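J.: The listed protein sequences correspond, in order, to chains A, B and C.
My numbering applies: residue 1 is where the first sequence begins, and numbers increase by one.
My numbering applies: residue 1 is where the second sequence begins, and numbers increase by one.
My numbering applies: residue 1 is where the third sequence begins, and numbers increase by one.
By construction, these hints were calculated from the structure, which means they are not laboratory data.
From a predicted model like this one, the values you see are computed outputs, not experimental measurements.
Where is the CB? At the ideal position from N, CA and C, for every residue including glycine.
Incorrect hints may have been included.
Taking beta-carbon pairs under 10 angstroms as the criterion, some of the chain C residues facing chain B (in silico) [to be verified]:
1) ASP70
2) GLY155
3) ILE220
4) VAL228
5) LYS232
6) HIS237
7) MET243
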Amino acid sequence: MVAFLKRYEGLWLFVHSPAAIIAAIVAVLIMIGAVFAPWIAQVNPYDLSSFSLFDGLLPPVWQEGANPQYLLGTDDQGRDMISSILYGARLSLIIGLAALTIAAVLGVGLGLAAGYYGGRFDAIVMRIADVQLALPAILTALLIDGIARGILPASMQQDLRVAVLTLAIALSLWVNFARTARASTFVQMNKEYVQAAIMMGQRPSRVMFVHILPNILGPLLVIMTVDLASAILLEATLSFLGIGLPADSPSLGTLIRIGMQFLLSGEWWILWIPTLFLVALVVSINILGDFLRDVFNPRLR
Amino acid sequence: MLVIKDLAVKFPSRFGEFTAIEDVDMTIKPGEIHGLVGESGAGKSTVGAAVIGLLSAPGYIANGELSLGDTNLRNLTPDQAHEIRGDRISMIFQDPQTSLNPLMTIEDQLIETIQAHSNVSDSAARKRAVDLLEEIGIKNAAERIKAYPHQFSGGMRQRVVIALAICTDPELIIADEPTTALDVAVQSQVLDLIRRLARDRQIAFMLITHDIGVIAQIADRVTVMRKGKVMETGDTPQVLGAPTHPYTQALMDAVPPLDHRIARFRVPEEEGTAGVVTGNTAEKWLLEGQQYALTGLTLQDLCVRFAGPRTSLFRKPEPYVALRDVNLDVRPGSIMGLVGESGSGKSTLAKAITGLITPSSGVMRLGDEILPAGKARSRHHPSRQLVQMVFQDPYSSLNSRHRIGAILTEPLWFYGFVQDAKERERLAAAMLELVGMAPDAIDKYPHQFSGGQRQRIAVARALLARPRFLICDEPTSALDVSIQAEILNLLKDLQSMFGLTILFISHNLAVVRQMADDTAVLRNGVIEEMGATEDLFARPKADYTQTLLSLTPVMPREWQSAG
Amino acid sequence: MVYFILKRLVQSVFVMLAVAFLAFSLFRFVGDPITQMTGVETSVADQERLREELGLNDPFIFQFMRFTTDMLQGDFGFSYRTRQPVAEMITDRIPATLELGIVALLISLAVGIPAGVYTALRPKGFATQAILMTTLVGVSIPTFVIGIMLIFVFGVQLGWLPTFGRGGTVQIGGWESSLFTIEGWRALLLPAITLGVYQLTLTMRLVRAEMMEVMRSDYIRFAMARGVPMRKLHYRHALANTMVPVITIIGLQFGGVIAFSIVTESVFQWPGMGLLFLESIRFVDIPVMGVYLVVIAFFFVLVNLIVDLLYVAIDPRLRVKDV
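Between the sequences and the hints, there should be enough to build the whole structure, so can you do that?
T.: Written as structure tokens, this is what we have:
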């Protein structure tokens with residue numbers, strides 16, 4: 001066992017980091033809940049016929065006047081909070097992961113190529129990244145959303161909300177990947193194993209993806225985790241601002257926006273329970289990201 | 001006087017405690033230069049860090065006595081220890097490029113250090129600093145003192161570092177590889193300076209180094225360490241000239257002499273012998289591949305220019321000339337040694353031959369064929385297979401994410417030698433045996449091997465391309481001297497076995513003398529001298545070669561083993 | 001050095017041009033400007049005449065050049081929604097956003113740098129672990145949630161501070177400032193904290209990481225070995241060297257601060273540029289969106305130029321030539 005752990009240092013550190021373990025459990029539980037939402041949730045919040053206004057504004061079970069059928073209470077429409085949250089988390093995660101994938105593929109591809117070819121290509125990519133940096137993530141996302149409103153006919157807008165939102169988030173995150181991949185690639189380019197591969201006459205694509213990529217995965221993995229958290233936050237923020245997802249297909253951010261209406265009235269659970277959920281999810285992902293950073297950069301330990 | 005007795009330093013880790021050094025005894029008298037020599041992992045730097053109280057966490061002194069004069073260094077509070085640092089013990093680091101704060105002038109750093117330990121006015125401290133710089137050989141010190149570290153050259157910077165170390169009149173200075181990062185000429189000046197300071201100021205020096213030549217040149221006494229323990233200690237002539245401990249003897253055997261050539265290094269328990277059964281398969285396979293006979297290389301008027309740093313929008317940047325009109329003729333089947341200090345352009349030359357950079361003019365010929373330059377060389381050009389390279393740093397020359405098997409079989413399928421995957425693995429394993437490694441290494445990853453083993457793997461990879469021309473770019477400069485001896489033996493064996501033509505690049509004159517048939521001396525991109533190795537070393541013609549040979553620290557002939 | 005600054009200047013101009021191009025493309029291609037400007041009752045012929053007058057039939061590159069020249073002369077066009085000049089709408093809003101952003105940035109630096117230094121120097125301490133955990137939670141809470149919580153606690157429950165608007169403002173020249181009245185400061189406090197928290201955690205973590213890196217460097221170890229007093233060692237040597245990378249990131253962050261003020265302004269109904277931008281997105285008010293972009297990019301480029309100058313001031317390697 002010790003020999004095994006010695007080999008897999010990351011695993012050893014994981015077993016000895018209670019924060020990382022708890023974070024992993026929370027994140028995995030939420031993700032499982034989100035993936036299996038259609039089977040776990042007792043109500044489909046998108047289906048108006050599956051809940052009724054008569055059950056509206058029920059508090060969680062530990063408060064007076066609760067209905068034990070709804071453990072965490074219901075919102076003003078009579079939707080079960082748990083079901084809304086599970087579906088909301090599902091949507092948030094789908095958008096987050098999809099955006100992350102697009103951003104990672106685009107960013108890592110461009111960053112690798114910029115680092116490998118250098119020169120003019122690198123300069124162009126980096127200037128584009130400069131421009132992107134001058135327009136921070138949230139601004140880019142808002143902008144793309146605004147453009148979509150301008151270009152797409154109203155009938156399509158609703159259908160394409162998720163796609164537009166994903167694209168908006170993805171485009172605001174790719175720079176992170178590109179810069180990290182480029183910087184790491186530059187370091188690797190000076191390593192002799194890369195020079196050996198180039199000298200042999202191997203194809204650039206093989207040098208980039210077979211030789212360099214596996215060696216720069218560490219920092220990229222850290223960015224990926226941290227950016228998943230950013231993507232989820234960004235989605236929540238956009239939805240909160242009312243330009244993300246509409247109220248009939250709520251993500252976590254939309255749920256919080258709806259809950260805001262109840263900030264001053266007694267129905268605290270409609271606001272704070274989804275909020276707590278969102279924060280728990282993002283905190284767990286960030287703790288894991290921090291943990292990975294420590295594993296890949298032992299000097300910060 | 002520094003007295004160390006039974007010193008042990010341990011590093012607690014999650015797999016139990018790691019003992020870095022144990023039972024170390026040493027005394028250093030005022031004015032004595034005490035050499036502390038050993039290979040990597042010997043724990044010599046740990047001794048120095050323990051004395052000055054700067055062990056890196058979580059290391060701690062587990063046992064032993066440590067005293068300077070009548071002060072017990074182990075009984076100090078952290079504050080007291082910090083008071084003593086600089087005041088009575090100081091330190092010189094290896095790399096002058098990084099040991100000075102880049103944001104502060106030399107003046108500020110000197111005055112700050114002087115005032116940290118004595119209550120003197122700014123102007124008095126400044127005067128002392130200027131005097132000190134003059135003493136240490138910095139001309140025009142009153143003016144130069146206002147400069148920032150980056151405005152000094154490497155050698156001058158190391159002088160400034162030494163000035164900072166002695167500006168408080170310490171009794172003891174720990175010099176950790178003080179000349180390793182310097183060129184030969186600068187190294188000899190710095191060593192002279194250290195000797196003068198020890199004599200005139202009666203400073204005791206603990207000189208930590210891996211370079212036995214340096215020890216031989218200036219150390220009064222020497223302690224040899226290995227794996228955290230002291231092997232032997234005594235006066236330098238005795239320890240180096242008539243070593244009693246077998247380890248010291250082996251170490252001395254592995255040091256390449258500068259003034260004569262030995263056929264092979266004597267290596268204890270030689271692992272480098274080829275495996276009998278499977279190693280033969282690899283040997284046979286390699287011999288089969290000699291479709292060309294011996295292949296030489298000629299360079300004609302080769303020039304390489306790089307764009308210099310741009311300093312103005314309107315002027316074209318001055319090109320930086322890395323190589324100027326280099327003519328080189330590597331005879332088929334011979335070893336050509338290329339000697340030069342850092343920045344002389346040796347690696348640039350290797351890169352030009354392998355096509356990694358494009359020369360601005362000149363002709364390269366491999367055998368009788370013209371070698372297309374840089375980007376003009378297609379990915380499928382035959383030279384990509386015929387010319388292979390063994391790199392300097394075995395830690396970066398193997399892809400750490402790839403299995404040894406994957407690394408070694410890559411040339412086999414890439415050049416289309418062997419179609420069958422199983423056959424490739426078998427051949428790779430056989431080649432490992434040929435270079436003196438166990439064939440089961442094939443399933444491991446590079447990080448599971450030591451530097452010397454990795455360099456053997458790197459050699460195996462180069463051979464699996466069936467090269468006719470091998471470039472070895474400082475193949476042993478990252479290795480310990482005993483490992484260096486093994487690798488050099490291996491390269492010699494392989495060269496004679498397969499009739500390879502080798503371009504052997506090194507900054508180490510002694511190593512080149514052992515390896516090369518012909519030698520060329522490169523300086524600032526120009527070949528200063530070229531000729532048969534024995535002639536060149538015995539009767540150097542160029543001034544530069546003469547200086548290099550005279551300044552390289554060597555052991556007196558009578559200390560050397562018969563070889 | 002001059003070359004270094006010039007190079008940065010050229011890069012900045014490039015960024016500004018690219019952003020201007022983006023804004024122009026927005027204006028030109030997202031929806032038809034003519035239909036936006038005219039009502040349904042305008043005849044096709046009139047629309048065509050207007051199109052010709054406005055030069056919308058000219059070659060693309062001419063249109064872009066005219067757009068840029070107009071911008072340089074301060075002519076930013078008119079809003080589709082309010083029909084006001086965009087320049088006026090934006091300049092009215094700039095003070096509110098800038099004051100909010102700068103105060104937030106100052107909060108984040110004033111707390112973030114000391115906290116970063118402390119946690120770097122005592123990496124194993126209990127307080128360090130607590131601070132690190134808190135900041136991790138800090139970066140994980142969306143800005144708007146922090147705003148809501150602050151409103152809930154200090155505005156609703158305790159009733160200490162106002163939860164929307166700028167409070168009392170004073171006109172100084174054309175600048176409407178809330179920095180000169182107590183009411184103004186009271187109103188500024190919650191939004192500034194909301195906006196500052198995220199930057200604060202970033203600053204702290206960055207300072208900590210860089211500081212730890214510097215503390216391991218040879219020159220710090222050499223300064224240790226010379227017995228340089230600890231306080232000087234930490235601040236004069238280590239922190240000064242830490243500042244070079246930290247300043248870069250802070251420059252980059254300023255853009256983030258301005259952008260995130262969109263969220264803060266929305267939560268606190270702070271009448272700044274962000275709120276204007278949000279409204280313009282909702283109504284697809286393209287000219288306002290475009291100009292907002294250009295203004296944000298301009299601030300970003302400006303701050304980063306200042307950062308470059310600071311570099312030169314801090315780092316002698318950029319200032320003094322090799323001898």
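J.: Does each hint fit the structure? Answer for all of them.
T.: Here is what the structure says about each hint:
no.	hint	in the structure
1	ASP70	29 angstroms, violated
2	GLY155	46 angstroms, violated
3	ILE220	8 angstroms, holds
4	VAL228	6 angstroms, holds
5	LYS232	7 angstroms, holds
6	HIS237	5 angstroms, holds
7	MET243	9 angstroms, holds
In terms of the numbered hints stated before, the structure departs from hints 1 and 2, listed from lowest to highest.
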